[in-house]
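A.B. asks: Going line by line, the protein sequences match chains A and B. Residue 6 is where the first sequence starts when you use this note's numbering, and the numbers rise one by one after that. Residue 103 is where the second sequence starts when you use this note's numbering, and the numbers rise one by one after that.
FYI, nobody ran anything at the bench for these hints, they're computed from the structure. Treat the hints with caution; some may be incorrect.
To be verified - Quick list of in silico lysine-lysine cross-link-like pairs, DSSO-like style, CA-CA up to 27 Å: (1) 581(B) - 169(A); (2) 731(B) - 169(A); (3) 243(A) - 573(B); (4) 18(A) - 714(B); (5) 573(B) - 141(A); (6) 286(B) - 296(B); (7) 571(B) - 169(A); (8) 581(B) - 141(A); (9) 169(A) - 296(B); (10) 243(A) - 584(B); (11) 26(A) - 259(A); (12) 267(B) - 141(A); (13) 286(B) - 18(A); (14) 164(B) - 185(B); (15) 169(A) - 576(B); (16) 576(B) - 148(A); (17) 12(A) - 315(A); (18) 536(B) - 169(A).
None of the values given here were measured: they were computed from a predicted structure.
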Amino acid sequence: MSLQVPKNTYTGKINVVKLGKDDTETAVGGEAALPFYNFEGEIPNKPIIAIEVYDAKPSDWPQVVSKYYDDVFDDPVKWAQKSINEYGADAICLKLSKINPDAGDMSPEDAAEITKTVRESIGKPLIVYGTGPMEKIAEVMKKISEKNKDSNILMGWVEEDNYKTMAAAAMAYNNNVVALNPLDVNIAKQLNILLTNLGLSADRVAMDPSSSGLGYGIEYCYSAMERLKIAALIQDDKMTQMPIINNIAPEVWKVKEVKESEENYPRWGSQEERGINWETISCMSMLLSGTDIIVMRHPKAVSLIKEIIKDLW
Amino acid sequence: MNNQKKYLIKFLPSGKSVKVSPDYNLKQAILDSGIHIDSSCGGAGTCGRCKVQIREGKVNTKKSRFISSKEKENGYVLSCLSKVESDLIIEVPSQKKAGVKIEKGRFADIESKIYADISKDELSAVEIKPWIKKGTIVVEKPSLSYGTSDLFRLKKSIRENLGIKNCMVPIHIIRKLPMVLREKSWEVTVTMDKENSTLIDIQPGRTDKKSYGLALDIGTTSLVIYLADLENGKIINSESEYNPQIKFGDDIINRIVYANRKGGLGKLKEVIIDSINNLIWRLLFNSQVDADSIVSMMVSGNSTMMHLFYGVPPRYIREEPYVTVANKFSSSTAKEVGIKHIKNAHVYNIQGVASYLGGDIASGILAADMYRKKELALFLDLGTNGELVVGNSEWMMGASCSAGPAFEGGGVKCGIRAVDGAIEKISISQKTYKCQTEVIGGGKPVGICGSGLIDVIGEMYLKGVIDRKGKFNKDIGNKYLKCADDDCRYILVEGKNSAAGEDIYISEVDIDNLIRAKAAIYAGIKTLLEEVDMSIYDLDKIYIAGGLGRHLNIRNTVIIGMLPDVDVGKYFFLGNTSVTGAYLSLLSEDKYRQSSKIAEHITYIELSVNMKFMDRYVAGLFLPYTDMKDFPTVEECLYSLGSKIKK
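Throw the hints in and build the complete structure from the sequences for me.
C.D. replies: The structure is reproduced here in structure tokens:
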């Protein structure tokens, strides 16, 4: 007797969000089955890896990862190009740390200029995140969207305090937004409802469920993401059908287990190896949970995850 | 020995003063002086209501987010976070204090048709047969050959004539017994407590002196009392008052915390008994009823209130696994619980179900007559806590959903209880966003009560003043929306039209509190029904109890997602059912026994540990609900209103 593999049928499908324009255009989402269940439904687009690029040299990176970017820290354009050409990033996640009123209070115009320069120099899709108060982020993104009109960049983040400005910025200039929620299906839905009620098309939204790294509640992140995917695919809930993006790199590289040197903790072994493993396992877990875009940092972790994606899809 | 330094604190504008030791808590000093000061958090520094201004002197105070930097400059502090460090002159801002006319129960005011008449005929159907039994008997005369005691012969006569065996006779009656028996040649009228086989009163001869009883509801927020004629059931008079314990905390948790402090329980009991004494005195005075003719009092209230009334420590109600000391307290004389005026009357209480489902709910089920009907009903008491029971004559399940006091005016800056001066109805103009209000009593408005608050949220949502998250839409040209920094207020009544001369408004924080309260209620309903594998559509009737205001607009409660979206005809608003049930129990032995059966009959479910409850609660923090499928008619209504809402 031959084995009959039991199969689920899905009524819903994740939206396809287009990142980038023309030759940089990349589709994310679109899956019609749970992650790895490609025998149950079509999974047309593989998850993509975005590598972080900052507008200033980060002060809190351990040497074991910063050494790969030492020569490009002063120039986001070079940094982005190196991430793509040498480390194989599918996209760039530009993080604007200087717009924070506590860290330079850079003007929206300047931020928009940097974003534009980076976008035009990379030939890959661009994700752009702000730091600081949500209102300031929205104000900056408005300008960024205007300066990067019709280029399908993905802008973060949207919360209930700034959703109106963010949605308007995306709609007016044909760009996309990331809706941030605190690991909660209901709040994710509420934000998506608010955004789409304003007239923003659902396929211009990605969700970030604020997942943590390994050892810091990643099981709960799995559960929250799984519930989002189940609602989207099985219950055909339109307000959970947005692709998921995980900003996992900063979560991994801030924990003690990764930041402490081998000198301080000889039994923990090589710090670099530890960091790579920590990031790889965290990202792998996110892939299992159904992520569509993953934001990474260490080049070796990136190459491991790329291999895994290639093997499994 | 006791020569420790004392500081003199003078309070303005009242002119009262009090002497305290160094480092004494300022809020406690204000309370000690007898001045009323609001404090919904019970002195934890989290409600910001006990703000006072230091005119002279020094205090050691802690930082608070409720004191702006400008206020700090002007000497404002939270009194609960301040310690006295010198002689002081303190300005205590006058508190919003409305009249004390609190909503009374259904039967108190039948003519005004306040409440739905679901059982209008019920009163006439109640057999008036209190377990207080009165009878005239003739006691055998003693003789040389029959020389038994007076008491023995009285008991014998009671047994033979009234059928009560082993009757207990308290000492104060024995004291007057020889005179009373002989005054009208051994004929006496006795008043018996059948429940406990105790003699309450004895009068010489045949008297047609009437007997009266009291029905009392001790709510977390208000007290309501009826004086009733025990022969014909007529309500002679009624009185009501705020629960004086409010100054020690708005909700039961804060009261329990206060009761745990040294002397706290005694203080809470003292103030409630004082208030009840005061109410009884007013009843007696206004109705010219003789205090001796009041033979019984029936008390209903939630478990915490009953513990505090009887002076029993409520501490374990709040600690896992949340148990009461007792759900029903043994009956006692009024004197034993500290009630004056009617010392010999017997005091009974309605049995509760569990820590967070008290006698007030059993009383409510009794009043709604739910326990006798086959149809499936939901009973919902929207008091300070928010309790619900689902079931019918065969089974009942109950839960408590800790909704908080928002619909009773707590945690809402301009919120007040349903008293004279409260805005009970509101509509908003779609063009100008101006509010139309209706005020209880017809005078100038003082604040907004529960029904008004429900209207505000519903109307603001429908007219696009707020979004589904409860945040103001600032770009719609609403000139009644005033924003300063992060604080936005929607002016409902301008200062020139209000009683206090100040704007009556609602802020985003207020809206947030109301949305939390409504989310808890709906999550409670949905979760409780699911526990018994039923849906809202299985319900035949939904009874709403509570002092929200007379004109509760059911449609608006559905629009804001507080109550299920079912046929409005299924809803019945009953007002204060706790006092109604107490009143029925006072009149009828049967009803009283039934209330205990109801309490034993209800299966209690703990929602605070239920994951699904939490999930639905978060889904409810949205108007009307995250999943619109639950509110189809609201969705329709929004479609017909068109794009305005989507903005």
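A.B. asks: Next, verify each hint and record whether it holds.
C.D. replies: Hints, one by one, checked against the model:
| no. | hint | verdict |
| --- | --- | --- |
| 1 | 581(B) - 169(A) | holds, 20 Å |
| 2 | 731(B) - 169(A) | holds, 25 Å |
| 3 | 243(A) - 573(B) | holds, 23 Å |
| 4 | 18(A) - 714(B) | holds, 26 Å |
| 5 | 573(B) - 141(A) | holds, 19 Å |
| 6 | 286(B) - 296(B) | holds, 25 Å |
| 7 | 571(B) - 169(A) | holds, 12 Å |
| 8 | 581(B) - 141(A) | holds, 26 Å |
| 9 | 169(A) - 296(B) | violated, 69 Å |
| 10 | 243(A) - 584(B) | violated, 36 Å |
| 11 | 26(A) - 259(A) | violated, 34 Å |
| 12 | 267(B) - 141(A) | violated, 83 Å |
| 13 | 286(B) - 18(A) | violated, 94 Å |
| 14 | 164(B) - 185(B) | holds, 9 Å |
| 15 | 169(A) - 576(B) | holds, 10 Å |
| 16 | 576(B) - 148(A) | holds, 21 Å |
| 17 | 12(A) - 315(A) | holds, 24 Å |
| 18 | 536(B) - 169(A) | holds, 24 Å |
In this structure, the hints that do not hold are numbers 9, 10, 11, 12 and 13, in rising order.
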